[in-house]
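K.L.:
Protein sequences, first through last, are from chains A and B.
First residue of the first sequence: 1, per the working numbering; consecutive thereafter.
First residue of the second sequence: 295, per the working numbering; consecutive thereafter.
I should point out that these hints are in silico values taken from the structure, not numbers from a laboratory.
Some hints here could point you the wrong way.
Taking lysine-lysine and the DSS-like style, the derived pairs with C-alpha atoms no more than 25 Å apart in a straight line are [to be verified]:
{"id": "1", "chain 1": "A", "residue 1": "Lys108", "chain 2": "A", "residue 2": "Lys135"}
{"id": "2", "chain 1": "A", "residue 1": "Lys108", "chain 2": "B", "residue 2": "Lys698"}
{"id": "3", "chain 1": "A", "residue 1": "Lys105", "chain 2": "B", "residue 2": "Lys698"}
{"id": "4", "chain 1": "A", "residue 1": "Lys75", "chain 2": "B", "residue 2": "Lys481"}
{"id": "5", "chain 1": "A", "residue 1": "Lys249", "chain 2": "A", "residue 2": "Lys264"}
{"id": "6", "chain 1": "A", "residue 1": "Lys108", "chain 2": "A", "residue 2": "Lys147"}
{"id": "7", "chain 1": "A", "residue 1": "Lys139", "chain 2": "A", "residue 2": "Lys105"}
{"id": "8", "chain 1": "A", "residue 1": "Lys75", "chain 2": "B", "residue 2": "Lys408"}
{"id": "9", "chain 1": "B", "residue 1": "Lys408", "chain 2": "A", "residue 2": "Lys291"}
{"id": "10", "chain 1": "B", "residue 1": "Lys408", "chain 2": "A", "residue 2": "Lys129"}
{"id": "11", "chain 1": "A", "residue 1": "Lys129", "chain 2": "A", "residue 2": "Lys75"}
{"id": "12", "chain 1": "A", "residue 1": "Lys105", "chain 2": "A", "residue 2": "Lys135"}
{"id": "13", "chain 1": "A", "residue 1": "Lys105", "chain 2": "B", "residue 2": "Lys481"}
{"id": "14", "chain 1": "A", "residue 1": "Lys75", "chain 2": "B", "residue 2": "Lys698"}
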Amino acid sequence: MRSIRQNLQFILGAAVVIATLIGVSFFVRPQASGGLKVYFFDVGQGDASYIKMPGGEDVLIDGGPDNKVLDELGKVMDFGDREINLVILSHPHADHLTGLLEVLKRYKVDEVWETGVEYSSQTYDSWQKEISAQKIPDKIVKAGDEKNFGEAKIVVLYPLSPLENLPAGRQVKRIDNLNNASIINRLDYQKFSVLFLGDAETEVQKKIAPQMRMATVLKTGHHGSRNGTTEEILAVVRPALAIISAGAKNTYGHPHAEALNLLKSYAVRIFRTDQNGTIEVDSDGEGYSVKTFR
Amino acid sequence: MGIFIGDFLKIEPEWLLGFLGGFILVLVVFWRDIFWRLVLFILIGLIGGLTYYRIWDNRQFSKVLPFGHEVSFVGEIIDHPDFFPSQARYRVSYQEINVQIIVGRYPEYHYGDKLMLKGALKKPNDYLFRQGILGEMFNPEVQRIGRGGKLLTRAIYQVRDRFEASLNRSLSEPYASFAAGLVLGSKGNIPDSLTSDFNRTGTTHIIAVSGYNVTIIIIYIGLFLGLFSRKLRFWGSILAILAFVVMTGAPASVIRAGILAGLITFGRYQGRRINMLILILLTASTMLLFNPYALKYDLSFELSFLAFIGLVYLSPLVENLKLVRWLPKNLKSSLSETLGAQLMVLPILIFSFGRVSLLSPIVNVLILWLIPLSMLLVFLVGISGLISIGLGQIAGFLGWFPLKYIIVVVETFSKIPWVSLTFKTADWWWMVIFYGVIGLAVLKLKRQGKFQTNLDEKY
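Extracted from the complex, chain A is given alone in its bound form (with noise of 0.2 Å):
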């Protein structure tokens, strides 16, 4: 039996660790760390970024092909970190969306946006339920849709417009190639900027190209396919980096050595996910700094 002291010493030391532990965890909160990151991570065969805003706020671009997502996520957002603010879903391909889910139960999302395209799959089917389910505000996006995160923004370029609820004719069209709708948008922050191709395929690209201006980092379309990057494109943004998400060995032959060879000729900085892992892209709205992971 343990005497009436011990009892006092155990309560009180035990309330000094919740109190400690509760005052830790307010001031761990997310915090500005005065710069910008993008990590594009190494999820095998498949697509997800993740920005971290100057001011602490989370972003993330699709979610790849499984659960990987969420080791790459443990390891770079901030500890005790449960929030996000924005998670855009590119387009409803397995390759884009199979992580996302995972990270729906897991994390407060405060705001999903996506193309609203038809796609009848059970995982995509699933992510509306979950969506629904936790009331998660759902935006339809389209070209010139925009979010400020301090003084970084993120603005929707494609589509052009909205692909909810288009007539039934041309909705069987768009499924045929649901690469194309997917979203492609922009990260801006002052001097900085990255573009996001999403799946976007060459008749997109070209479509686009005209509207296009220059960014520091491209994200090059359908993990580095030989589709996937047309000289249209290049030559108005004009991309010092080039990341191309792929997963090693992978059974598309992505990157196709096409696409390789036109970054190689306009003199862009290649990195892979599938030979780098991981790419961290951090600027403080000036210039620029490369970190790899493998």
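Let chain A serve as the given structure and place chain B on it in line with the hints.
P.N.:
Just chain B now, with coordinates in the frame of chain A:
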């Protein structure tokens, strides 16, 4: 009577060695003679076991399914599904025949769901067959058409799912999946790199839920309920054991520990002393009644029992070694327990995995002392997360520290290139010698009286 039962059961595992058909000797004739009575009991045990095995074997093999054909049937999910990063594994039962299906991760189905399945039926591999899985289907068409299952089991699984979801919301990866492995043994979501680190350092047992976890849970429950009454403590412990066995999906190690712990709790409640040998054999035999294949084919069954035998018989010997004796008490006991258990399972590990972890005792000593605390904190995180998400996250800070420490230790040691050696061998004769030597050593030291244990603390 006790000796009789003990001898009777000890011989049972040897039914594998016999290839003779079943014939039954008449016991009654020699009933008077104590020696013959013993011998005959042993013989009947042996042959009874053999016969049982044969009958079981024939029955399993006689269930022939239309392999390679398209089939369509309604099956009911019979246990907790396993979710992997991009796939889900369900076990369904159709007219007492168990079939494993592997499909995409989403949508998730649950225990008791009745599924309309349509697809090609494949022959299972030997490993699955020995577990009672008679067919396999990959990516069949699945449609949920109803719900069945036992009400209580469903409720327990729901508790488990809620608890796991709560951990997932409160902790980031890989801590969340490690925590789930620690208390529930669900390994599906632990990143591959971490799993291989655990393997290399010989610490996988902490994420494979085992007797150790059961022990810790019972001690906690006992401490808590001990505040009230002896009766409550007994029934509370039994209930907790049962719930835990169901919750973890009843792997061999947990059943073993559950039965033993239950019996020991019962013995203590009744105030009796325990004969460990009889207890172990009784438990093993009971489990084999349900699946006799386990003895030869279920690795987790073998490892669990061998490790436990090592814990009971070898650890006290290690503890008394001159080399170890000077260590502080805590360190000494975790080192000797690790060594005792590892020594027993070593041959099986080499034989099945071809791997020996050289620094395993050191890594284990560095982390084992933290396991009870980690488990307690993980429970705390899970339960407070159920009450409110915010509370769970605050508890998550607390739970994060020991988890981080364990992962850092394991990862650091795993980076040492020579930490794990690989062997390849198909011979088995040396295993007989190995166990023979151990058996002799135990017997000899036992005679010398160097053998005393406090079994009550270990299940």
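K.L.:
Does each hint fit the structure? Answer for all of them.
P.N.:
Evaluation of the provided hints:
1. A:Lys108 - A:Lys135: holds (11 Å)
2. A:Lys108 - B:Lys698: holds (23 Å)
3. A:Lys105 - B:Lys698: holds (23 Å)
4. A:Lys75 - B:Lys481: holds (19 Å)
5. A:Lys249 - A:Lys264: holds (22 Å)
6. A:Lys108 - A:Lys147: holds (18 Å)
7. A:Lys139 - A:Lys105: holds (19 Å)
8. A:Lys75 - B:Lys408: Violated: lysine 75 of chain A and lysine 408 of chain B sit about 39 Å apart, past 25 Å.
9. B:Lys408 - A:Lys291: violated (50 Å)
10. B:Lys408 - A:Lys129: holds (21 Å)
11. A:Lys129 - A:Lys75: violated (28 Å)
12. A:Lys105 - A:Lys135: holds (12 Å)
13. A:Lys105 - B:Lys481: holds (19 Å)
14. A:Lys75 - B:Lys698: The given pair, whose Cα atoms are some 12 Å apart, holds under the 25 Å limit.
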